[in-house]
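Protein chains: 2
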Amino acid sequence: MYRRVFETAELGRKLSKDEYKEQVPLLRTELLTLQRQLEKADFPVIILLGGVDGSGRGDVLNLLNEWMDARGINTVAFDAPTEEERHRPPYWRYWMALPPKGRIALMTSAWYTTPVVDRAYGRTDDSDLDASLQRIGAFEKTLVDEGALLIKLWLHISKERQRKRLKKLEKNPRTRWRVGDRDWKHAKLYDEFRRISERTLRATSTGEAPWFVIESANARYRDVTVAQQIAERLKERLQKKEKSTAPRPLDPIPDPDTILDTLDLGAKLEKTDYNARLDDLQASLNGLSQWARDKKVGVTLVFEGWDASGKGGAIRRIIQALDARDYRAIPVAAPTEEERAQHYLWRFWRHLPRLGRFTLYDRSWYGRVLVERVEGLARPDAWMRAYKEINDFEEQLVAHGIVLVKYWLHISREEQMKRFEERERTPWKQHKITEEDYRNREKANLYEAAANDMIERTSTEYAPWTLVPAEDKRFARVMVLETICERLRAAID
Amino acid sequence: MYRRVFETAELGRKLSKDEYKEQVPLLRTELLTLQRQLEKADFPVIILLGGVDGSGRGDVLNLLNEWMDARGINTVAFDAPTEEERHRPPYWRYWMALPPKGRIALMTSAWYTTPVVDRAYGRTDDSDLDASLQRIGAFEKTLVDEGALLIKLWLHISKERQRKRLKKLEKNPRTRWRVGDRDWKHAKLYDEFRRISERTLRATSTGEAPWFVIESANARYRDVTVAQQIAERLKERLQKKEKSTAPRPLDPIPDPDTILDTLDLGAKLEKTDYNARLDDLQASLNGLSQWARDKKVGVTLVFEGWDASGKGGAIRRIIQALDARDYRAIPVAAPTEEERAQHYLWRFWRHLPRLGRFTLYDRSWYGRVLVERVEGLARPDAWMRAYKEINDFEEQLVAHGIVLVKYWLHISREEQMKRFEERERTPWKQHKITEEDYRNREKANLYEAAANDMIERTSTEYAPWTLVPAEDKRFARVMVLETICERLRAAID
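Chains as they are written, first to last, in my numbering: chain A, 797 to 1289; chain B, 797 to 1289.
The set of hints was computed from the structure by calculation and includes no laboratory data.
A quick note: this is a predicted structure, and the numbers were derived from the prediction, not measured.
Each hint should be verified, as a subset may be incorrect.
Since copy identity is lost for identical chains, a pair holds within one copy or between any two.
[What the hints assert, rightly or not] Here are the simulated lysine-lysine pairs, DSBU-like style, with alpha carbons at most 30 Å apart:
id, residue 1, residue 2
1, K897, K1036
2, K937, K1031
3, K897, K955
4, K1214, K1067
5, K897, K937
6, K1036, K1091
7, K967, K813
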């Protein structure tokens, strides 16, 4: 139910042979043109390909050398340190692999390998990992500060996909040699690698050098997306004079699949079932809220989702179960004048409740990476940086003893239109619908891409997103209540 | 002999009453004018006053409120958290104290207090401290990224000074109340506080939000310097359009005292003493170098100092004691074309020797914060950032098993001129003297300020600076040899 970082890269995105054949020649021409321009530019480019075994990092490496002019590329694969390398500090070999201005270095995981693998094999603990990630942060910062363009792409495949691929390689006598004990050992540690990779990506996705996760189950989709991301980033950088804008994710291509499309919008609940479930859940929640008050556990609920997706209704079903002294519902609108004179997170810090209370946010700090991103109210460097700032903020809440539950309520565009029309017809609901709501609809694709990126970059182990199919209001309300009861019970344990 | 961070703030800098009376009215007028301009600006200002007890943070707080328009200043002193505050995450109260755009918040140590005090009392260990410092880094980064001007001033007094002040306060019946048990307890922990503060300042001095250490033994000097630093920083920021330039240290005022002036340039060694000492030391060094080779300990020696201060001569006395296979002397000149196409640290990484060897740098990576700073070859944001980059670099060397010794060879300007003239007269030394050497002399004050800042910001516990009085060449050479032998012996233990 809860969504985690890599799920946005397990959507089954693919590209047909025809689409691939159509796009590749254009992409290759663009890459070569950009490479020509880069030769005269005064910055180096470092492309890092991270990802699990079997995601095809090696294939992509070879392909990029084929698609681009290999003479302008240093391709570097790091193996176990040589004797020469062991005589120097660990980062020496990475420094030596850095490209000069005007050139590209193409590397697989590089400085990420040792920290991640050591942690997965239990040779280090989480705090060692964090120290390594801090070292990585300082290293990448000095490269970027001195002008380097750092493109970090993470190729992701699912556990199932990884196993299938290994088995297939083993079956074929001509590829059997590619599968070693180490591969199977790594495969067994898939879940552990995934957890560590999440932590790693989160800690090292900065505004200036963010990771982009690329779904890699389908090789054609993977190759084209990698090449497009590189082309976009190069173009962005070559065009701009000052380096104040940060990289931004691509709009999903070629098919706008997002994690939201994976939800089963057919999920429904009949009225009688609903009434019974609602009564039960509200009774449970009331009991849990008394426990929370006694134990001084704070509960913060964040509601995001489409206009008319039923956020208000879900919130009302929760507060019906609470004592009025125990909660505060905060509708988040445009910031006041006083708030605009402060850091964008300030107004959320400001309203943090005492422990032992419920706080329900109808829209939230995520406005930064949703409406402000889509409407151009925040610059790309500001909203790109915000993912990390928000993760830091939420980490502090959770560390302080707050249970943080984040909901995205999802409905189809057809259902949304139906609800808009219904609001227009209902006198006491007319105030809820404005011209702006219709305008937002036109940007639905952009909002959806923004929501997808948000879920990818802010689904943390301490504050995962819960995606709620809200086409049926009853189903959605019950799911929202169930989730909060579950999370509170988990907090009791 | 080795220099540590705070020694540059124990030089006895002071201001006479007359100087003070002359400067204060001008400063106050300037501060008020800047404050008027700030009201219309779109950024907030946060002034942090850190420092040990007794350095006068409270007095400075009051004074600034008097000198500036107190209506534009939120003065915040943080005590033990209130009940309201304990109900929120620790940073809540800092967020609530942030000023809106156009205003100033004036705080004492704020978010630095708990990490430093907890560590000093042994309630946490170094890795807890590092985690707290990382949290501070993320917090300050988001403030600065969103446009805040963060001015961090550290008021320093020596241990002796602190004790004297406490005793004086205790003696006077009217001020006795100001001295509590806690003050004496802290005073006993002075050395521990100092070590922790060093670590704290190093970790949190970033290019965008560096600490400036202010010598605070003399109240007049302290007050004027604090006010000047604030005025400078405000002016800098109000004048610039884009926020790409970083804050820079003030040229020492009003009297250009630097740490270099504390050296006893009268130190001398007679020729016979010298010859005997030299023989002994070279024999010791030779033995130690064999140990280093066997144990695979790397030795890196950095020589910085004035032109004609005798760096080359000192280096020759060292390599005379070494097997030619065991060392490499690297004269650092302007970077080659290949090197200019890379990160400025790249050429030093490139020449890192294998372990078990000596590497002697005649000038070094410190060029970034010396000649490049003074000659305007690096922008202020680049050289300001470099202190941290260099500390990171050196930390990696030392962690890898390298003994790193850094020398600054110091001579008076008169002695330098004498040596220049001697070079001109000696046919085989003429090539060592150029027009440029004379031009550099004209900027001696700027170089001296740069050297002072460098020593302040890069004297770490793992790689302290050794300042060598080099007016007498014999004395200098012996001291250089003694130091390396000492450091190697310490490494053996």
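Structure-based check of each hint:
Taking the shortest Cα distances, K897 and K1036 sit within 30 Å of each other both inside one copy (17 Å) and across copies (29 Å). When the C-alpha separation of K937 and K1031 is checked against a cutoff of 30 Å, the pair qualifies both within a copy, at 21 Å, and between copies, at 28 Å. In this assembly of identical chains, the alpha carbons of K897 and K955 never lie at most 30 Å apart, being 39 Å within a copy and 50 Å across copies at closest. Taking the closest pair of Cα atoms, K1214 and K1067 come within 30 Å of each other only inside a single copy of the chain (20 Å); across copies the shortest separation is 100 Å, beyond that limit.
In this assembly of identical chains, K897 and K937 lie within 30 Å of each other by CA distance both inside one copy and across copies; the values are 17 Å within and 28 Å between. For a Cα distance limit of 30 Å, the shortest separation of K1036 from K1091 qualifies neither inside one copy, at 54 Å, nor across copies, at 52 Å. Taking the closest pair of Cα atoms, K967 and K813 come within 30 Å of each other only inside a single copy of the chain (25 Å); across copies the shortest separation is 90 Å, beyond that limit.
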